[in-house]
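Novice: Quick mapping for you: the protein sequence lines, in order, are chains Z and C. Letter 2 of the first sequence, counting from 1, is numbered 2 in the numbering used here, and no numbers are missing. Take any residue in the second sequence, note its place counting from 1, add 1000, and you have its number in the numbering used here.
Don't read these hints as lab results, they were simulated from the structure. Possibly wrong hints are sitting among the right ones.
Claimed, not checked - As a list, the in silico EDC-like pairs of lysine to aspartate or glutamate whose alpha-carbon atoms are at most 20 Å apart: (1) C:Lys1326 - Z:Glu9; (2) Z:Lys82 - C:Asp1589; (3) Z:Lys4 - C:Glu1247; (4) C:Lys1523 - C:Asp1589; (5) C:Lys1590 - Z:Glu5; (6) C:Lys1605 - Z:Glu81; (7) Z:Lys4 - C:Glu1032; (8) C:Lys1605 - Z:Glu5; (9) C:Lys1326 - Z:Glu71; (10) Z:Lys6 - C:Asp1597; (11) C:Lys1605 - Z:Asp35; (12) C:Lys1326 - Z:Glu75; (13) C:Lys1326 - Z:Glu81; (14) Z:Lys6 - C:Asp1359; (15) Z:Lys10 - C:Asp1597; (16) C:Lys1279 - C:Glu1290; (17) C:Lys1610 - Z:Glu75; (18) C:Lys1326 - Z:Glu76; (19) C:Lys1523 - Z:Glu75; (20) Z:Lys10 - C:Asp1589; (21) C:Lys1523 - Z:Glu5; (22) C:Lys1605 - Z:Glu71.
Note that this is a predicted model, so its numbers are computed, not measured.
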Amino acid sequence: MSNKEKHWEKTRGLMIVTLLIWFVFGYLIFMFGSDLNTSSFMGYPLAYYMCAQGSIIAFVVLIFWFANRQEKIDEEFGFTEKEDD
Amino acid sequence: MFKGNFIDNLPKIYGTYTGGFIVFILLMAIAEQAGMTAKTIGILFVAFTVCIYAFIGYMSRTVQVDAYYVAGRQVPTVFNGMATAADWMSGASFVAMAGGIYFGGYTYMAFLVGWTGGYVLVSSLLAPYLRKFGCYTVPDFIGTRYGGNFARFCAVVVLTLASFTYVTAQINATGTIASRALSIPFELGVWVGLVSILLCSMLGGMRAVTWTQVAQYIVLIIAYLIPVFWISNKSGFGFFPHFMLGEEVARLGALESQFGLVKNAAADIKAAGVPGGLKSIAVSHAGVPEGGMAAWKFISLALCMMVGTASLPHILMRYFTTPSVKAARKSVAWSLFFIALLYTSAPMLATLSKISLMDPNLATGIIGKPIAEIMKIEWVNSWINVKQAFIADFNGDGILQLNEWFMRGDVVVLATPEVAGLPYVISGLVAAGGMAAAMSTADGLILAIANALSHDIYYKIIDPKADVRKRLLVARSLLIVIGAAAAYIASMRITSILGAVAWAFDFAMSGLFFPLILGVWWKRATRQGAIAGMIAGLGSGTAYLIYVYPKFMGNAPWLGIDHLRFGIIGASVCLVVMVIVSLMTEEPDKATQQMVDEVRIPSGKTILGKQH
Chain Z
1 MSNKEKHWEK TRGLMIVTLL IWFVFGYLIF MFGSDLNTSS FMGYPLAYYM
51 CAQGSIIAFV VLIFWFANRQ EKIDEEFGFT EKEDD
Chain C
1001 MFKGNFIDNL PKIYGTYTGG FIVFILLMAI AEQAGMTAKT IGILFVAFTV
1051 CIYAFIGYMS RTVQVDAYYV AGRQVPTVFN GMATAADWMS GASFVAMAGG
1101 IYFGGYTYMA FLVGWTGGYV LVSSLLAPYL RKFGCYTVPD FIGTRYGGNF
1151 ARFCAVVVLT LASFTYVTAQ INATGTIASR ALSIPFELGV WVGLVSILLC
1201 SMLGGMRAVT WTQVAQYIVL IIAYLIPVFW ISNKSGFGFF PHFMLGEEVA
1251 RLGALESQFG LVKNAAADIK AAGVPGGLKS IAVSHAGVPE GGMAAWKFIS
1301 LALCMMVGTA SLPHILMRYF TTPSVKAARK SVAWSLFFIA LLYTSAPMLA
1351 TLSKISLMDP NLATGIIGKP IAEIMKIEWV NSWINVKQAF IADFNGDGIL
1401 QLNEWFMRGD VVVLATPEVA GLPYVISGLV AAGGMAAAMS TADGLILAIA
1451 NALSHDIYYK IIDPKADVRK RLLVARSLLI VIGAAAAYIA SMRITSILGA
1501 VAWAFDFAMS GLFFPLILGV WWKRATRQGA IAGMIAGLGS GTAYLIYVYP
1551 KFMGNAPWLG IDHLRFGIIG ASVCLVVMVI VSLMTEEPDK ATQQMVDEVR
1601 IPSGKTILGK QH
């Protein structure tokens, strides 16, 4: 397998993991909204908290994490951009 | 000042600008104490900020094609994040979101999740690859990846339909705010709004829009956060509302059961003469509706908004302006960070507003008190006079019940500072913030349409030999024509039949989402497949919208997929058709496959040249 193919395989793996986490915070937890709401976080009912702040914060953190991981992958296979590109 | 090492000086320039804006707010506060009228303060706030945007727009004028279309690809990560956040947060986000939560509670908050989660798709599936491609517009990518003018043309059609649906609502919002702040008729306000919008974008295209959007973000976020924090502190709910309103949310639940959540009959509302667009609270604030269907409605709305986000060209094109692929990825993260500052505050503002009105133990409370007393309150009177609020004593007991107090959603943002007894300077600031939010989004949308028409239709299809001067002349003329068309439609006040902002997301996801991502992620995707997918997706989505929308055919929605969610139908059809047709047609040629390989790695030259 060529360098490019290996790079793409890892990139695709990262994409899938990222979208799985996205699915959990964007959809899965809200399938159980009424169950979640029986517990609370910082005094807020949990399902309410997750859509007011929790999931949004999770998305921000997720994208920063994704960007750093992808940079590492690019570095590993020598595809980092150079200044003069 | 805007020459040479302008980019290195950005933090200093915008730091000074922010400081200057705060000094202006303080001056206005002093002027208010000295007896300046509320009206003058409102005019000064809107006029001062619009003049600054126009100045930035003038300073960023350009005659370079790549500066006009992609801001010269030198916008630093964090600043592009701010510009995207302003581009993203519309007048509706600013003025109506807290009101939506106020009336819709948890159910409405599916929009919050949907309007933020889409950025995960943007960063992992699209933005870095489109940046590597080096396109000027979204149809530029479709046209080059799949080849052929027809594919390019289809993408322009989807882009125009989605963006135009969105832009009339934005111009409508600038008109409303301008007319209220400057005390001019709405029809005139719309044109004042349009002129302000064009001043920001016409001379400098994307470059000018970028630097004004950064300035507009700063104004809008200050204007949103100051009232939230101030109200929370002044009314003693806690100095950091985001972490400290748990008790108030619980208290709202108790008050809801005390007063009862009554849904008024349509006949009663009509008989009482409640003005159109006004609502009363009938849905629990934090309670989750029971049942699988309710959960599905929440999830399906979030899905449409997320996938729509990742297909809206005015957002995607912001990531064409970063210096590198790496910067494009990081910039998506910063965008969402800046968006989250406002989006996490909206539920807090809704909570503060609700508790201030509903809790009879508070001085600001009105529910459960005698109507005769409430009518003596100044803010109640002034909002009832402009038909933004209404009292209907259904049970005739002379006491205001929860279902007897009606108001428009916008009032939550516009009046809560007044209700909490904040000085008028804050209301002026909020007007400037709303104006900034609506203008920045309108600018991004009009530019997206005009750029697609000038670059993809005029230059790529009609006259590929046109020189730079002629191309930019066409681009600028189109900007005026599209802006004027949108303003004309907005001034006719037919927005109620134009439908919801959510439609823009559904149109975009129906026609563009799969052609875009499969263009990068599936080498086997062919031109015929993409064209068939775009046509079938947009066609089926639109047909379903007509089938289900109450003002058109009004049939019962299938599986709860109503007119806000028709993109689910469109995008599914698009995917299926695109895959089937692609597999039936011959696989793309070697050159195309190599191009896709190149797009997938960050290093190396962009696919399309710097000037094309």
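Novice: Please go over all the hints and tell whether each is borne out by the structure.
Specialist: Quick rundown of the hints versus the structure:
| no. | hint | in the structure |
| --- | --- | --- |
| 1 | C:Lys1326 - Z:Glu9 | 19 Å, holds |
| 2 | Z:Lys82 - C:Asp1589 | 29 Å, violated |
| 3 | Z:Lys4 - C:Glu1247 | 55 Å, violated |
| 4 | C:Lys1523 - C:Asp1589 | 10 Å, holds |
| 5 | C:Lys1590 - Z:Glu5 | 16 Å, holds |
| 6 | C:Lys1605 - Z:Glu81 | 9 Å, holds |
| 7 | Z:Lys4 - C:Glu1032 | 65 Å, violated |
| 8 | C:Lys1605 - Z:Glu5 | 19 Å, holds |
| 9 | C:Lys1326 - Z:Glu71 | 7 Å, holds |
| 10 | Z:Lys6 - C:Asp1597 | 12 Å, holds |
| 11 | C:Lys1605 - Z:Asp35 | 52 Å, violated |
| 12 | C:Lys1326 - Z:Glu75 | 11 Å, holds |
| 13 | C:Lys1326 - Z:Glu81 | 8 Å, holds |
| 14 | Z:Lys6 - C:Asp1359 | 61 Å, violated |
| 15 | Z:Lys10 - C:Asp1597 | 14 Å, holds |
| 16 | C:Lys1279 - C:Glu1290 | 23 Å, violated |
| 17 | C:Lys1610 - Z:Glu75 | 25 Å, violated |
| 18 | C:Lys1326 - Z:Glu76 | 14 Å, holds |
| 19 | C:Lys1523 - Z:Glu75 | 24 Å, violated |
| 20 | Z:Lys10 - C:Asp1589 | 25 Å, violated |
| 21 | C:Lys1523 - Z:Glu5 | 13 Å, holds |
| 22 | C:Lys1605 - Z:Glu71 | 18 Å, holds |
Checked against the numbered hints above, the structure violates hints 2, 3, 7, 11, 14, 16, 17, 19 and 20; every other hint is satisfied.
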